[in-house]
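Novice: Residue strings, one per chain:
Number of protein chains: 2
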Amino acid sequence: MATIKDIAAYCNVAVSTVSRVLNNHPDVSADTRDKVLSAARNLHYVPNSSARDLAHQQTDSIGLVVRGAENPFFTPIIRAIERSCEDKGYSMSLHQIPAGEDEVSEGAKLVQSKRLKGLILLGGRYDYTREEVSTLGAPFMCCSYTNHFGNLDRTSFSSVSINDKAEAYRAAELLIECGHSKIAVLLDSIHDRSISERRYRGYCEALADAGIPLDEGLVCETVDFSMKAAYERTIRLLEERPDVTALFSVADSMAIAAMKAISDAGLSVPQDISIIAIDGIEMSLYTTPTLTTLAQPQALMGEKAVEILVDVLDGKASHSHVRLETTLRPGGTMGRLHP
Amino acid sequence: MATIKDIAAYCNVAVSTVSRVLNNHPDVSADTRDKVLSAARNLHYVPNSSARDLAHQQTDSIGLVVRGAENPFFTPIIRAIERSCEDKGYSMSLHQIPAGEDEVSEGAKLVQSKRLKGLILLGGRYDYTREEVSTLGAPFMCCSYTNHFGNLDRTSFSSVSINDKAEAYRAAELLIECGHSKIAVLLDSIHDRSISERRYRGYCEALADAGIPLDEGLVCETVDFSMKAAYERTIRLLEERPDVTALFSVADSMAIAAMKAISDAGLSVPQDISIIAIDGIEMSLYTTPTLTTLAQPQALMGEKAVEILVDVLDGKASHSHVRLETTLRPGGTMGRLHP
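These protein sequences, in sequence, are chains A and B. Okay, so the first sequence: first residue is 22 according to this note's numbering, each after it adds one. Okay, so the second sequence: first residue is 22 according to this note's numbering, each after it adds one.
This is chain A alone, in the form it adopts within the complex (with noise of 0.2 Å):
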């Protein structure tokens, strides 16, 4: 593949004309731009995008952060994010950063040197302030969360997601119309400020409109998402509460990981715990029993993301908040209790 410097060779011009001619600057005449533009072609000449990305200033690409790239419910996100910048005519540039790293700061980086047009945020804090975002230099979208516990204006952004409260509310109330009143939660931790304060707050909801009374014992805190900490919290309160007979966990991952812990205390599901969670991955359709979750409408989540922030960059509407209905995706951890 050439380079600017091979067609300059090849035309036996300066490299400043072979330039001017693929930046489409007009002082270059007719004769040496057919010469330089048809050298580009022989020599299969691949503009550079750095030196195109400066000429223009301003490319069509929206950037996409993801914080836990590792998370597998990301994956159908990212795809169907992916897919729609391409049907609206926007590029998309992809960039990951590990769960604990700051998606604005990220962001605010990747705008200005890739001069993007807008941001996608994927799994990010729901904890944002006026002054951290406006560094982000581009309107900006929350996918999959929103600002719960920020002080944003809401007509400043754009956000798609479920309603955390309600879902874990009715998660809850699911088991307790199986007749479950000991029912444990399974968390991130209660003051996370984020995804597990949200449902937390909804499964304390759905208990107390039950009459049943909050059960400290009951609430398993990891300090994180993992499956490792998911797998020992559980262990724990196996060990400690024998009267448990009931789980919800915020993430299916975390509730495979604790049906992997009743197993291990020769415990089995649905017959002494029965499980709900939330999320909806792949892999949670393949374990013994099924896991029976709420799920998230992934695909739409990204597809609806892309239609909101293209109309805002195009000014075709003002920002806007969406929130999105998870589906009840049977599976076999949920049982009735027998009393």
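Treat the hints as calculated values from the structure; they're not laboratory data. Hints may be right or wrong, so weigh each one.
Since copy identity is lost for identical chains, a pair holds within one copy or between any two.
[As the list claims (entries may be wrong)] List time: in silico DSSO-like cross-link candidates among lysine-lysine, alpha-carbon distance up to 27 Å: (1) Lys-56 with Lys-26; (2) Lys-337 with Lys-135; (3) Lys-109 with Lys-337; (4) Lys-26 with Lys-130; (5) Lys-109 with Lys-135; (6) Lys-130 with Lys-56; (7) Lys-135 with Lys-26; (8) Lys-109 with Lys-130; (9) Lys-249 with Lys-203; (10) Lys-203 with Lys-186; (11) Lys-249 with Lys-186.
Given chain A's structure and the hints, the job is docking chain B onto it.
Specialist: Below, chain B alone, put in the same frame as chain A:
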């Protein structure tokens, strides 16, 4: 955040002057240089990396093209590569493509547009030709696979992988040692010129060495690596061949789907069917029973890939090829056949 134009206006100099200062051109007075650099600091100027790339023409970046990013097997390898690049003073430019796409043409584009020094391909084809990789334009490394079915000169690239055939031989041999002879194999295709074909050959050789004739009814091709296809193919195997007592799966994820199929068919692992796989992903630690598998050294694979490639880039060593060994991760899916 300020642009180069803001700095020019602030200092009352031309934009081209600011550009010359920021790109370390010599033809600027010391006074002007100081004024511009001080303004850049005061205005919190963040250099546009496109401009920076153009100025240097060559950054200290290694590209990583991941084919099939949704494969959980790659996650710990990507992390190790990222960490190792950082340790070695290189930045890593990550690019993910779907499993069916062409990592070589993507890699070539990436090398040219981002002026990469070297390239790591993670999860690619086993049959590159000399012609096709000649377009890459930078030293490259095949990570997790090698050029077994291609015609590359071994001195023209590096690789880190396991010996697929030898490891599959070992997996089948472990089942044979437990008394099994009706051993099915679950794979993509026996002619995929890739992982499945290599591991199939190891399986065949182990059977042959044990005097067990190859039984084509026990060779289960799935056309792809999806869990859905693995599940359906296993269901069909159990219907067609009630005499099967063991299964070797070329991948953990397919083995997990097979376990579900066996359970849904009313059979038990390992009482009715023993299972062994190759990979060692996190999820297969949480199946019931735990999957017995030959675990690949994923982190070491990533570290070695960077180490070898950086030595090549720094001129410290020639290209080389490293074969790593798996470790038997004992689980509960393999049992002795009781006659």
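Novice: Take the hints in turn and mark each one as holding or not.
Specialist: Results for each hint:
no.: 1; hint: Lys-56 with Lys-26; result: within (14 Å within a copy, 34 Å between copies)
no.: 2; hint: Lys-337 with Lys-135; result: within (24 Å within a copy, 34 Å between copies)
no.: 3; hint: Lys-109 with Lys-337; result: within (13 Å within a copy, 47 Å between copies)
no.: 4; hint: Lys-26 with Lys-130; result: between (31 Å within a copy, 18 Å between copies)
no.: 5; hint: Lys-109 with Lys-135; result: both (19 Å within a copy, 25 Å between copies)
no.: 6; hint: Lys-130 with Lys-56; result: between (39 Å within a copy, 24 Å between copies)
no.: 7; hint: Lys-135 with Lys-26; result: both (25 Å within a copy, 17 Å between copies)
no.: 8; hint: Lys-109 with Lys-130; result: both (24 Å within a copy, 23 Å between copies)
no.: 9; hint: Lys-249 with Lys-203; result: within (24 Å within a copy, 35 Å between copies)
no.: 10; hint: Lys-203 with Lys-186; result: within (20 Å within a copy, 52 Å between copies)
no.: 11; hint: Lys-249 with Lys-186; result: within (25 Å within a copy, 32 Å between copies)
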